[in-house]
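The listed protein sequences correspond, in order, to chains A and B. Numbered continuously in the working numbering, the first sequence closes out at residue 675. Numbered continuously in the working numbering, the second sequence closes out at residue 453.
Since the hints were derived computationally from the structure, they do not count as laboratory data. Ideal Cβ positions, reconstructed from N, Cα and C, are used throughout, including at glycine. The reader is advised that the hints may include incorrect statements.
For the chain B half of the interface with chain A, some residues (derived, Cβ under 7 Å), not all of them [unchecked claim]: (1) P164; (2) P193; (3) V224.
Label-pair distances were calculated between CB atoms; the ranges are [stated by the list, open to error]: (4) D335/B <-> L519/A: 22 to 30 Å; (5) E377/A <-> A261/B: 55 to 63 Å; (6) D417/B <-> L519/A: 31 to 39 Å; (7) A133/B <-> T184/A: 54 to 62 Å.
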Amino acid sequence: MNVDCVTISAAIRLLLLSVLLPSIVGCSDDPASHPDEAADSSVQSLRRLSARELDGTISDILQIEAGLIARLPADTIHNNFDNQRSALRTNRTWLRSAEVAIRDVVSEALSPDPNTSARYLVAGHILGGTTGEVRDEIGSYGFMWHIGPNDRSTWQVTLRHSGRYRFSAYLNIPELAADDATITVLVDDASIPVQWVREADHDVLTAEVALDAGTTLFQLRSDGDFGGLATIDYLTLNGPVDDAFVGVIPRERSAPCAAPDQAVDSGCARSVIEAVVRDALRSEYSAAAAHNALDLYEAMTAAGSSSEDALVSTLAGVLTSPGTLFLVDRDWPAGSWQSAHQGVQRAAFLVWGRAADAEADVPALAPDGAWDQVAVERLVDQMLADPRAVSVVDDFATRWLGLDTISDAEPDPEMFPGFNGVLRAQMLAEVRRAVSQVFFGGGDLRTLFTSTSGEVGPELAAHYGDDILSIEEGTAHFDPARRTGLQSRAGMMMGLSNPTSTHPTKRGLWLLDRVLCDLPPPPPADVDPIPEPDPDSDILTGRDRVREHLADSTCASCHVVMDGLGLMLENYDATGQWRDTENGVEIDAGYEFPAWGSLQGASDLGAALAEDARFPTCFVSHLYTYAFGEPPAENDRLVESVTRDFVDGGYTLRAALVSLIASERFLTGVAGDEE
Amino acid sequence: MTRSRKTICRNRAGRTMSFPRITTGRRLFLGGLLSASGLPLIAGAGPVYAQGAGQAASRRLRLLVHFVPNGFYMDGMAAAPGVGGWELPPLLSAMQPLKHKVTYLQGFQNAPAGDRSTHSGQTAGLLTGVSPASGDVLRAGVSIDRLIAARAGLTTTLHLATEPPYTFCTPDDLLSCGYRSSISWAGSAGPVPNISSPDQALRTLFGGATGADPAELASRTRLVTDYLRDEAETLRAQIGGEDRERLSEFIDATRSVEVSASEYERLSACDIPPGVDPIQFGVEALSDAMADVVELAFRCDATRVVTLMEGHGASDRVFGNLGVPEPFHYVSHHDNDPYNVAAYETIVHWEVSRFSRLCQRLDAIDDGNGFSVLDNTVALLVSGMGDGNDHDVSDMPALICGATGLIPNDACFSLPDGTPLANLHISIAGLFGVELDSFGRDGSGPLQELQVL
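Build out the structure end to end from the sequences listed, making use of the hints.
Next up, the structure:
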């Protein structure tokens with residue numbers, strides 16, 4: 001095994017810099033602010049990191065894509081989020097899985113095998129595939145694309161490191177395929193030479209290709225007839241496969257802990273351990289904690305373990321220790337390095353979904369340890385400008401608004417033969433982009449419900465058809481009467497439908513729960529689902545389907561609003577496509593609400609949602625739940641004050657974040673004077 | 001597996017589709033017939049399980065709880081009680097090859113779960129026999145699998161799922177949707193999360209057990225667990241209340257990390273595959289891969305307690321592979337609509353066939369002394385409810401396969417009205433030598449029906 005000191009590059013840099021440049025990690029001549037000095041504090045609360053947070057944090061420390069989300073038991077979703085204190089426990093099953101998974105990751109980080117997996121792949125997003133009329137066996141754990149004639153499937157990957165990678169596509173090509181049928185692989189629109197290999201039960205297209213760090217698009221283009229049954233079963237990208245690549249840093253830049261086939265230098269190993277402890281334990285770091293980890297390493301080698309095995313086990317132990325696994329809130333003395341460090345870390349988990357880098361981020365985000373309004377505004381601006389802030393869309397907004405329902409929706413291929421993976425990907429991209437633009441552009445969040453423009457791909461533009469008045473540089477300008485706000489976007493409407501029909505009640509419930517926080521009481525236990533529309537009966541439209549809800553006074557007390565909201569969206573079918581009629585009957589998207597009066601369609605609904613006083617409090621409550629890992633109490637004073645700031649600040653994400661992060665409760669876990 | 005005929009169904013939208021239709025007779029037993037067991041109780045047999053427990057003590061007994069979501073179409077689940085000559089009901093026909101090792105129990109009630117007559121309450125209440133707490137705290141007592149593992153000194157348990165937690169859900173009856181994701185509950189430690197990757201399940205069971213000296217491995221893991229405990233103790237000393245409990249939970253959990261040299265030796269002697277292809281295609285392939293893991297885990301004695309959720313408690317999965325385009329939960333509320341009933345039956349039949357397939361594989365493994373692994377396994381097939389149409393918890397079926405000789409096999413019982421499901425849990429615990437006088441809110445004692453001569 002080859003172990004590079006610089007393999008744990010960030011950690012080592014921190015170690016060196018902390019010696020040479022004490023101020024960069026917040027040290028000063030004041031002993032009370034020195035990282036190695038313990039300050040008096042008491043723990044206010046702690047919660048385990050979610051698998052997602054742990055994955056990001058350990059990936060950054062080891063400079064490897066840890067892949068822990070797939071390696072750990074799935075976290076229980078509670079209060080709509082995956083990071084809730086009461087759901088994130090460390091029972092035996094979880095800890096056993098975590099210990100094994102983290103040990104595997106450490107081993108891979110110290111001794112990467114380019115032939116086994118794409119360990120340096122930051123993210124792979126399926127932008128689109130193709131489907132024929134058969135669409136069986138598509139599940140949450142894997143995807144399969146059917147190759148149609150003259151079709152294309154697109155895969156977007158993001159790489160942490162430049163280098164040569166081995167791309168492979170595992171295909172099933174039936175004998176029915178025409179002799180002249182071919183598949184071309186394009187990398188960022190340029191075709192590359194490939195080899196066909198027969199491997200087990202797959203035809204494999206493989207190629208070695210030089211890729212730069214960052215985003216790359218792979219496309220598989222089919223030409224000719226594949227007989228209708230050809231599939232792309234999966235794609236892999238392994239590497240880097242460069243000879244010089246022995247870790248996350250090329251060999252020539254590293255100071256190896258071990259030459260090839262030689263034992264790890266123990267002095268170097270100790271340096272790595274100390275640096276990892278400092279990174280992993282965040283504000284819980286202490287000199288004693290580092291000594292304990294070093295003692296563990298020494299004990300292992302004394303007991304006969306090789307220095308390599310001891311290093312792996314020690315690092316795995318540190319990364320599985322409570323200081324790493326738990327987010328600990330203490331009431332550190334104001335102005336102490338731990339106080340600012342803790343504040344930055346809490347903000348990082350909120351905005352970035354992962355820990356901040358102690359070396360690079362903490363000094364930059366809290367340079368003088370101050371935590372006042374000005375300092376927090378600067379911190380929030382810096383954080384939102386950082387690429388890691390994508391987490392606030394991918395994790396917070398995705399769960400807040402239920403964007404992932406778009407990924408889960410499975411429109412019936414018989415009823416909606418035009419639906420395919422490309423369309424799904426573009427639907428998801430459109431709503432994510434809409435949220436990103438408002439979040440990061442300093443926009444008014446209410447425009448999420450009133451916007452009449454959006455970025456759409458070509459397939460989605462075709463799906464929208466006449467709903468688009470014009471397209472300029474990928475931005476579609478919609479007919480406001482048809483497409484106003486997220487509540488009219490094809491992806492959301494599809495995600496809130498059944499495979500074969502719309503679901504007015506589910507759509508209404510979505511708005512009540514996620515936008516207005518005004519859930520009705522639970523339904524009776526023996527309630528039947530709403531019937532499917534049936535052209536041979538008197539149940540022809542969505543309004544007919546919820547007729548019983550509205551006719552029964554007991555049901556109507558809740559459904560009058562819930563179903564009403566959904567009925568206003570009945571012009572969007574189960575793939576979100578506009579329709580004027582259903583089963584030959586003209587759709588009536590008008591509704592008379594007790595509070596809002598008479599409204600017509602998504603446009604009126606968007607205006608009503610934007611003006612509704614429940615929305616700002618609702619948004620802040622969701623943000624609070626995500627930030628603190630538990631929902632606020634009823635009439636919580638912090639929620640009230642953050643809501644005031646959010647409204648006064650123009651309904652921007654930034655205003656809400658600044659107000660929340662600047663609060664004493666956020667910094668110390670203790671209610672402050674401002675409340 | 002018998003799929004007797006293809007039925008062409010037409011749904012209300014007027015579209016036609018076909019999927020395998022299970023032959024289902026009308027409900028076989030009604031009213032009073034369900035109120036009494038079809039078999040005489042065994043009189044004067046001494047302490048319940050005396051013989052079974054004695055046998056169990058000398059056998060390497062395992063527990064497999066195989067959960068299926070959204071209940072059953074009960075017309076297809078009714079069977080006439082009997083021993084030997086009884087007939088499997090249509091929806092259990094896939095169990096025919098193992099009928100001689102099947103014990104089928106009809107008519108359980110899980111009243112505590114009925115307090116919250118929803119998927120959340122019924123999933124979390126299934127193995128705990130309590131009504132889960134509402135509010136922010138997720139608590140549902142201790143499930144029987146955890147209790148058996150703890151009392152019987154079984155450190156390693158395995159909890160698997162073939163479907164990830166839901167993505168969009170609103171609380172039902174004020175109970176968090178989080179309750180739908182786990183059937184295994186650890187008391188104050190809350191839900192036991194499931195592993196949904198077969199590859200990771202293998203790593204969790206066997207990780208590190210190959211290619212190293214067992215004594216050295218054991219020494220290293222002991223040092224690591226000591227370190228973890230020391231770090232946790234240091235932090236625990238600084239906190240109180242519920243957070244202190246969280247650290248105690250962590251400290252207890254470190255026991256699962258510690259593996260003895262003999263365990264390493266035993267595990268490494270097993271023929272462990274290098275890994276499972278992490279990319280699984282669809283419902284059936286993932287189910288197969290999880291069954292592989294269970295088989296390996298039991299064959300290698302890597303764990304003796306496994307729960308497997310074939311979907312979360314209100315699964316909305318679409319079984320395109322079975323030709324059913326509607327979500328599972330939707331068709332389970334069948335309202336006696338022929339189309340929905342046929343789709344519901346198709347899915348339930350598939351679920352039972354998965355369970356049967358796994359049991360047959362366990363039955364093919366020699367466990368010594370003339371027993372197969374299945375013989376030494378209490379393989380329990382259950383759902384959180386009986387009929388999914390109305391979330392019924394007053395008439396719930398449960399099927400045990402295996403436990404050969406420890407309970408009456410090749411037998412079907414109709415239980416007295418109101419028999420608590422928790423009594424089944426007490427009975428199963430007894431097989432593992434864990435004697436319980438009560439369990440959950442209404443468990444009052446073991447089932448007489450499961451007594452052996």
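For a quick check of understanding: which of the numbered hints are violated here, in increasing order? none
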